[in-house]
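> Using full-length UniProt numbering, you'd call the opening residue of the sequence shown number 1 and step up by one each time.
There's no promise every hint is true.
Stated by the list, open to error - Mimicking DSS-like on lysine-lysine, the simulated pairs with C-alpha atoms at most 27 Å apart in a straight line are: (1) 6 to 79; (2) 9 to 82; (3) 79 to 39; (4) 6 to 65; (5) 82 to 6; (6) 65 to 39; (7) 82 to 65; (8) 6 to 39; (9) 9 to 39; (10) 9 to 79; (11) 79 to 65; (12) 82 to 39.
Don't read these hints as lab results, they were simulated from the structure.
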Amino acid sequence: GVRLLKLLKAQGVDLNTPNREGDTALITACRQGDLASVKLLVHVCNLNARNNAGQTALHACSACKGGRGAHIASLLLSKGAKLELTDATNSTAVSLAATQGDAPLCDILLHHGSRLPCTPPGRAVPGGEVERVLARHRGPVSALVRGV
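Sequences and hints are given; from them, build the entire structure.
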């Protein structure tokens, strides 16, 4: 957690150094929903660093559950994270959030100006709350599917 990160930082460890998957400490903290660690890391890490799959910390927020991804994304965006970066599958953070069914994260990303997401072919977009959020911001969920 935060204590370990502070110790590593004090020892001069570069917290931008990626692991084998290319994840930095910030990407890992975002994926795990560790808001306390993210609050420390946003001051010392590259917010837009990409892992081996081309994903950034904002992309990693889609792996969080319980609304934590939305809180973390809000912090990342307030510090200058770029919204529209795409990963190796051409997915943006908002398209991953939509396919994960994370309505609060979709709402935050769209509120900050993310374009209506397109999902890669073969990926389903959950309905329900995500559909309502997307419709409120830009249009019907059918607009999410390429070629429709």
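> Each of the hints needs a verdict: does it hold here or not?
Structure-based check of each hint:
With a C-alpha separation of about 20 Å, the suggested pairing of residue 6 with residue 79 holds against the 27 Å cut-off. For the hint pairing residue 9 with residue 82, the CA-to-CA distance comes to about 25 Å; that is within 27 Å, so the pair holds. Proximity of residue 79 to residue 39 is assessed by CA-CA distance (about 10 Å); at most 27 Å being required, the pair is judged to hold. Of the pairs offered as hints, the one joining residue 6 and residue 65 holds, with about 26 Å between alpha carbons and a cut-off of 27 Å not exceeded.
The hinted pair formed by residue 82 and residue 6 meets the criterion: a straight-line CA distance of about 26 Å does not exceed 27 Å. Our distance criterion of 27 Å between C-alpha atoms is met by residue 65 and residue 39, whose separation comes to about 18 Å. A C-alpha spacing of about 22 Å is found between residue 82 and residue 65, which places the hinted pair at or below 27 Å, so the restraint holds. With a C-alpha separation of about 12 Å, the suggested pairing of residue 6 with residue 39 holds against the 27 Å cut-off.
In summary, the hint linking residue 9 to residue 39 is supported, as the alpha carbons are separated by about 14 Å, within the 27 Å threshold. For the proposed pair residue 9 and residue 79, the alpha carbon gap of about 20 Å is at most 27 Å, so the pair holds. As the CA atoms of residue 79 and residue 65 are separated by approximately 22 Å, the hinted pair is consistent with the 27 Å bound. Our distance criterion of 27 Å between C-alpha atoms is met by residue 82 and residue 39, whose separation comes to about 17 Å.
No hint from the list above goes unmet by this structure.
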